[in-house]
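We have chain A; now place chains B and C onto it with these hints.
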Amino acid sequence: MDEKKADFLIDARKISKRYVGVQALDQVDFSIKKGEIKCLVGENGCGKSTLIKMITGVERFDSGNLTIDGHTVGEHYDFKQALKTGIQVIYQDLSLFDHMTVEENIVMSYLIANNKKFIDPKEMRTIAVNVINRIGVSLPLDTEIEELSIANRQMVAICRALTQDAKVIFMDEPTTALTKNEVSRLLEVVRGLKAKQMSVVFVSHKLDEVFAVADSIMVIRDGVKVGDFNPKELEQRKLSYYMTGSEVIYSKYEKTKKSTPPVVMELKDLSCKAYYHHINLKVNKSDIFGIIGLLGSGRTELALSIFGLNQPDAGEIFFEGVPVQINSPKQAIDLGIGLVPEDRAVQGLFLKNSILKNVSVPVMDAQKTKIGSIDIKKQELLAEKMRKMVNIKTPTVMNLVETLSGGNQQKVSLAKWIATNPKILILDSPTIGIDIGSKSEIYHYIQELANSGIAVIIISDEIEEIVTNCNRVAVMSNGEIVREYPSEELAADIIQEDIGAVIEESYVQLRNMERA
Amino acid sequence: MEKLKKRIKNIPNTEKYLIVIILLYSLVVSAINPSFLSLETLFDICRSWSGMFIIAIGTLVVMISGGIDVSSTAVAIVSAHITVRLIIAWNIDNVLVTIIMVIFFGGAMGLINACLVQLLKVEPFIITLGTGNVFFGLSTMLLGAIQIPGAAIGKKFAAFGSDPLLTVTMTDGTQVKLTKFVVIVLIVVLITWFFLRRTTVGRGIFAMGCSEEAAKRVGYNTFFLKIAAYVYAGALAGVMGMVSTWKVNQLTPISLVGDELTIIAAVVIGGTLPNGGRGKIFGAFLGILVMAIFDSTLVLIGLSSSWKLLFTGIVLLLSICATSYQQRVKNRKNFIFTE
Amino acid sequence: MMKRKKLKQIIKLDLSFSVLMIATLAICIFLAIALGGRLYSGAVFLGMAYSIPEFALISIAMTMVIIMGGIDLSLVANANMSGMIGAMILSGAFFDISKVNIYILVMGTILLVLLIAALGGLINGLIISRFSAVPMIATLGTMTLYNGITTALSKGKAVANFPKEFLMLGTQKVAGIPLVFLIMLIAFMIMVFCFNRTGYGQKLYLMGENCAASRFSGINNEKNICITYTIAGLLSGIASIVIIARSNSAKVGYGETYLLQSVLVAVLGGVSPSGGKGKLEGTLLAIFAIYLLQNAFNLWQFTTFTKKFMWGIMLLLVMFITQITEKYMNRLQKKKKISKNE
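Residue numbers (this note's numbering), protein chains in the order written: chain A, 1 to 516; chain B, 517 to 855; chain C, 856 to 1197.
Bound-form chain A, shown alone (with noise of 0.2 Å):
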């Protein structure tokens, strides 16, 4: 027993965690060698945030045993401790600072966990030199970070976490604008790190890109581990399997109306400046159009500009047959056009708020009395039938958004966009941070829709979610429609890996053309 004990790194052993009401983890045991590149995949809300805290300090755990490098840690275990015992952690926003430079940034671990009490630039400047050039990225190591691109923050979060030795590096979803290829190359030189024997505990719900970096894969249901995993002898849909706990398959959508003209809404050449250029796409009634790239790419810009917050430079856009200028949110609704955005919590929905104020907001102007004032039950009737429609599980309407879970959450800002009756309905990342089974709930209101006459185009970087629901799909790189898929294309078998090798390689082409 002692022997392997010595071989792990982290051995977390019946890890349990209660917070008020809920048992968060039971008995989970995690360990990762030193110098192993773990996955830990399971559904929002299955723990796998909770134990990442556990083990790294940032909330002690009710019973278990975890060991760190051979030391038992004990009852004052906390998150500067475990950056002092070499754990670094990359975050999902990144927890970077926008008004400070790339430097700045980059040598903040080492500062804190050095308990360095002054700074001397010339020191601060190698290290940030070196980390910079053992990944082997170029950053503008004095610029503000507000200023960078989205795929640039990144790597300054993850050099941040590489200024340390750090032993393990856990790292939550930090890759969403990253290429398999950077993905891995960075990784490759992680494991380059091997005679260091740094270890990495990746947090995914890209299921591919697990499967590619992966030694191991560790699924936690529940609150519940389900077991370690070879990606070599698994494959995704088992792992799927494994995650929720059930055989998922979401029914594809087969768009069932004849396409009657006019189109919805035409884009001609439409470029704003650096987000995206030359567009070109119709979206006919009752088709869900897929848009899928990387984050970057250009697609949420683009669909910020139909719904008026991002003013195109060249082109036109055509509202059934009209060409139109949308100036602000308000016109995009009046004409009919709704987006559910990609930022639920900051930009879609009101949580202070209860159920019915939120799905009555765009509608409010419409809904008065003779008066002029607000007339409450027509909100409420609204909310009622919208409860109804996407079956939002709450005692009552007046419930805060903030007491539901995610999922419901989505369904509301759903249902708010559903009231406003719109002829094309937006939707950028819906189903980010949602357990399996609202996901396909979400899937089947939106298939409603669609049989309903609403056109719907649906971002995502899933190329599941895309192939599933979509009859038309456009897959968008650096600002560009790569290419389009028509509906006969999209029933082959192998049209999720053919896609994803069209995003990988224009990603390629990217980096190839950055680099010259």
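Keep in mind the hints are simulated off the structure, nothing from the lab. Warning: the hint list may mix true and false statements.
What the hints assert, rightly or not - Partial chain C-side listing against chain A, Cβ under 8 Å, derived: (1) A887; (2) T1053; (3) G1054; (4) E1064; (5) A1068; (6) R1070; (7) F1071; (8) S1072; (9) G1073; (10) N1075; (11) P1128; (12) K1134.
Beta carbons are placed, not taken as given, at the ideal position from N, Cα and C, and that holds for glycine.
For chains B and C alone, coordinates are given in the frame of chain A:
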């Protein structure tokens, strides 16, 4: 030469505009009244505005950390008041000890501010609005509001305020005196520069101003950072309170309070981001300089002092618009819509 | 049994508001016990009816702006500025008033004052919406500017001696109630209707809670910000008319304490300093309590310093109380959420 060019390029736009405004204004004024461009004016400004610059630096540090301190002037006068009473009662007549004592009391009040900001989780503006009134009200309740002349405080005490650091005899025989306050200012500037740019805590203050959550995640103790910022500001406020007392050679317990927004204005004019995360000592300097120049020179160009506020208000608004708009453009580029 | 359950539900719905209302009532009750008839007398209430309106109007404006997620430090300065201009007209500083019909003069001046104050508010709205300036800083700037304008115009001196037809506004009664009090009441009722029953009012609260989400929901943030600050300016314009009519003078620096007190009154009335929550009715009750407290301080012969101390302590206490109730509510929420999941 290359380094100088690079340095100039790196000065943020707000500061460049300010420098241009100051230069232009100075040119105009000296054209109308040549006596503006004299050593006497310079030394006068040094004497009158040293205190304000010191307290502005304290306010700058708090604003960089993401907070705001409208109790600064209250802290200034109260710590000066307490210190003066004590040095009279204990018969101390030592400038250095006086400064140490006033730093102590100012810092203590800053500590209270930091604790309340941490505990109450409300806008620091409202908290320091409350504490300012509490400090000021309590001290005047307990200690009274009688003015105390410098002579009654101590010989060396009074001398520090009136004895010049150096005296220059002009060509026409008049003597121009440079106050000793500039020494304090220089020390404060150096210490602050070192604190903000060369210490980890200083950098943490910038980090916390950018994002308190991210600072916690990187491993900073944000409560400690708040204490550092508010205590520092309180200490500097105390120093300013004492400088003000030296300046007029008497302690006026009800003075200073009411000027706190002016100080914030100066810091903001200089380009500090109101939400935190960015700020420069040079910016605060320019802000104070703008106010100082308006204050002393409007008379020279024939406008009465009642125009001072107006000019200040205009410059302040221009600066606010420029800085805010710059930030808004950056935010929109990143599709941040949170303002 | 049913009534008690409903009452409990209502209280729980917004616990911090209820707690603050209880605290405010407690103050009133305490003062009643401590000072009895000296405080709760006809004379005092009449005096209140005359002197509260100017402060109440400013507080309504402040409440409105804070609910939207901002703050307006320039309210008093705006009032002083527009009031000063009106005062100078009425005292004949700009032109010889004896040549003009007095009623037209008075009406015209009032309209002008309101217009200028509304403009002052609009400037705030434009700076904050077009430049995305932080409201506290932007209104600090306009406060400085407006004070500057007032000082420059008046050269620092007070302006007085207005025509008696104008001064009548300050003393006139309608059905036994002072005119100025009625004006305040009407303004209050209009604003309450606005907040609770109009689309604009709902948008105010939404913007205060999350201005990114409001933008994404089709709300025109810029327009609403301008409207709000303009209305706030208008309210301070009404206040300025009340001020100069009652005090027969205008000067820079009048009403300095109103700023802190209006913030105090707003938070005591249940407004959340970060926006999105609050009720005007609460503010009004708080105004009443604070006015009584102010009078009590006078009766107890507190010095200005003691009063300042009291206001400061009260502000901190109110924040403290709000904090504790929020924490308690959060704990309840968590329990609710967890038990639902089980």
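Hint by hint, here is what the structure shows:
1. Interface restraint check: C:A887 against chain A, minimum CB-CB distance 36 Å, threshold 8 Å, status violated.
2. The beta carbon of C:T1053 comes within 6 Å of a beta carbon in chain A, closer than 8 Å, and the hint placing it at the interface holds.
3. Of the supplied interface hints, the one on C:G1054 holds, with its beta-carbon coming within about 5 Å of a beta-carbon of chain A, less than 8 Å.
4. Nearest Cβ of chain A to the Cβ of C:E1064: about 5 Å, under the 8 Å cut. The hint holds.
5. Given hint, C:A1068 at the interface with chain A, holds; its Cβ is 5 Å from that chain's nearest Cβ, closer than 8 Å.
6. The interface hint given for C:R1070 holds, since its Cβ lies 7 Å from the closest Cβ of chain A, which is under the 8 Å cut-off.
7. Restraint check, C:F1071 versus chain A: the minimum CB separation of about 5 Å is within 8 Å; hint holds.
8. Nearest Cβ of chain A to the Cβ of C:S1072: about 4 Å, under the 8 Å cut. The hint holds.
9. The closest approach between the C-beta of C:G1073 and any C-beta of chain A is roughly 4 Å, which is under the 8 Å cut-off, so the hint is satisfied.
10. This hint holds: C:N1075 has a C-beta 6 Å from the nearest C-beta of chain A, less than the 8 Å allowed.
11. With a cut of 8 Å, the hint placing C:P1128 at the interface with chain A is violated, because the nearest CB-to-CB distance is about 14 Å.
12. The interface hint given for C:K1134 is violated, since its Cβ lies 15 Å from the closest Cβ of chain A, which is over the 8 Å cut-off.
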